[in-house]
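My request is simple: use the sequences and hints to build the entire structure.
Number of protein chains: 2
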Amino acid sequence: MRIALRLIAPLALALTGSASPPAKPAPKPTAASIVDGAPASAWKDIPPQDLLVMKLAGDKSVIIQLNDRFSPVHVANIRAIARAGWWDGKAVYRVQDNWVAQWGDVTEKLPLPAAVRETKEDYWIPARAAGAITRLPSPDSYAKVTGFIDGWPVASDGKATWLTHCYASVGVARDLHPNAGSGAELYAVIGQPPRALDRNIVVAGRVIEGIATLAALPRGTGNMGFYGAEQAPLAILSARIMSDLPAADQVRFKMLDTASPSFAQLMKLAGHRDDDFYRTPAAGVDVCSVRPPIRRKD
Amino acid sequence: MRIALRLIAPLALALTGSASPPAKPAPKPTAASIVDGAPASAWKDIPPQDLLVMKLAGDKSVIIQLNDRFSPVHVANIRAIARAGWWDGKAVYRVQDNWVAQWGDVTEKLPLPAAVRETKEDYWIPARAAGAITRLPSPDSYAKVTGFIDGWPVASDGKATWLTHCYASVGVARDLHPNAGSGAELYAVIGQPPRALDRNIVVAGRVIEGIATLAALPRGTGNMGFYGAEQAPLAILSARIMSDLPAADQVRFKMLDTASPSFAQLMKLAGHRDDDFYRTPAAGVDVCSVRPPIRRKD
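For the protein sequence lines, the chains are A and B, in the order given.
In terms of my numbering, the first sequence is numbered consecutively and its last residue is 309.
In terms of my numbering, the second sequence is numbered consecutively and its last residue is 309.
Do not take every clue at face value.
Sample of chain B residues facing chain A (criterion: CB under 7 Å; computed from the structure) [as the list claims (entries may be wrong)]:
| hint | residue |
| --- | --- |
| 1 | 36 |
| 2 | 187 |
| 3 | 191 |
| 4 | 287 |
The set of hints was computed from the structure by calculation and includes no laboratory data.
In this text, a Cβ means the ideal position worked out from N, Cα and C, and glycines have one as well.
Set out below in structure tokens:
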């Protein structure tokens with residue numbers, strides 16, 4: 012096991028009293044130094060119409076980035092549901108440990124806006140339509156190919172490409188039938204990546220702010236983590252598309268371009284952690300463990 | 012996408028009014044049916060000296076199974092620390108979202124029992140000493156080989172074998188120096204598997220009951236999830252080895268033998284989910300997503 016030489020070096024230098032100390036080696040890049048050092052050209056603005064802003068009881072909020080390239084029908088549904096104010100007064104009614112926090116109308120009986128439809132689309136798109144994947148070199152347990160498209164983790168079998176279920180991914184809850192999900196009932200992943208859900212549930216987005224609020228909620232005492240009668244579901248005060256909010260309330264975000272050299276550096280670092288703390292690098296990294304950086308714009 | 016034929020079949024049968032209905036196909040096995048159907052010989056008792064029982068404020072508790080095959084020095088430390096009552100009155104002082112909940116003495120200044128030592132052992136053991144791995148056929152992003160030994164998820168490069176960091180794994184917190192961890196400061200994983208920590212931090216055990224208590228704690232407001240001055244760390248009332256408790260307070264556990272045919276069935280099912288809900292099976296499964304069943308003994 013390698014000794015942390017750099018930590019010892021300054022002392023050794025002092026003891027030997029060398030008059031011409033060797034040039035200080037350049038510090039190794041860290042995830043923070045790569046992100047902080049990324050040029051402005053490596054960042055892409057997130058369109059405000061792709062952001063769903065949920066205000067929750069207790070002065071909390073959750074911001075979700077939607078992906079209408081991979082999930083156009085469900086994202087259109089989500090926008091229509093938000094614009095109708097349908098989620099206002101609904102709640103987070105299910106929290107299952109190491110699985111999901113889910114919200115919407117627990118009765119599943121309230122009528123949805125007329126434009127909304129259930130569909131079996133959006134589970135994947137043709138690989139050709141998805142475009143070039145910034146490939147992760149590590150093998151994956153679930154799919155032939157993994158990597159990133161336009162800031163999002165994806166997997167592919169060469170014919171189809173789909174968004175992967177990672178921590179904070181937002182999916183469209185459904186019943187048994189594959190076209191039984193509209194987007195009115197959504198969940199966020201709060202545990203290990205449930206990758207077996209890939210292509211079995213539509214990923215419509217990801218939480219980019221506030222996932223900890225959902226992940227720290229009390230677990231439901233009912234079957235599959237549904238809240239029991241004695242529990243208080245977390246109320247949703249409102250859910251709106253960012254671009255529909257008054258200008259003063261809007262917040263802008265940017266994400267690191269996953270096709271940029273900066274992100275390539277991040278991928279490389281994540282696949283070979285070797286620094287003062289990580290002394291035994293792994294042989295690689297999985298697609299959910301390289302999280303494309305997203306920041307608020309100043 | 013395949014239609015759920017079995018759901019339609021009973022109706023079709025009623026309509027045709029067949030006098031000799033075909034034999035009902037055997038239902039597909041589920042994880043629950045495999046575990047429930049496992050013979051008594053497939054279960055192994057967990058020795059009570061391998062269980063650390065933490066009583067927490069608010070009438071909560073966490074039970075941790077220790078692994079002294081892979082982490083003998085740190086498990087010996089943990090037993091000595093528990094027997095000295097050292098954790099009593101300490102607290103869970105760090106909760107970082109999608110990372111860990113950590114407990115012990117936040118000042119790291121209180122003296123430890125004399126038997127306790129810090130060491131760089133237990134990061135891995137020689138593959139030959141580890142013994143045969145029940146291999147998972149899927150590729151892994153982090154290591155050449157993954158699978159299970161004696162109920163535990165492991166990885167190997169052929170020379171060394173080590174316990175993997177999965178959800179609920181318990182690791183030995185340390186400072187930069189690789190032998191700076193005693194076991195007095197422990198953490199449990201509460202998010203996606205931080206597999207890059209494998210061989211960089213000693214895995215000494217896993218939470219087998221109560222992980223949700225830790226995972227649902229408020230996240231720390233300080234740097235790296237340490238609790239801020241305005242937050243109340245969760246108090247540890249006591250931490251004891253199960254076999255040291257009064258007989259009436261002891262609880263026994265069993266785990267499914269990962270070398271058993273029942274577990275082989277579970278692995279196969281996990282790597283190819285294909286049922287009324289999962290209609291598009293993944294190409295495999297990762298080692299942290301096949302969780303060896305552990306049950307209380309009646």
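Hint check results:
no.: 1; hint: 36; in the structure: 18 Å, violated
no.: 2; hint: 187; in the structure: 5 Å, holds
no.: 3; hint: 191; in the structure: 10 Å, violated
no.: 4; hint: 287; in the structure: 5 Å, holds
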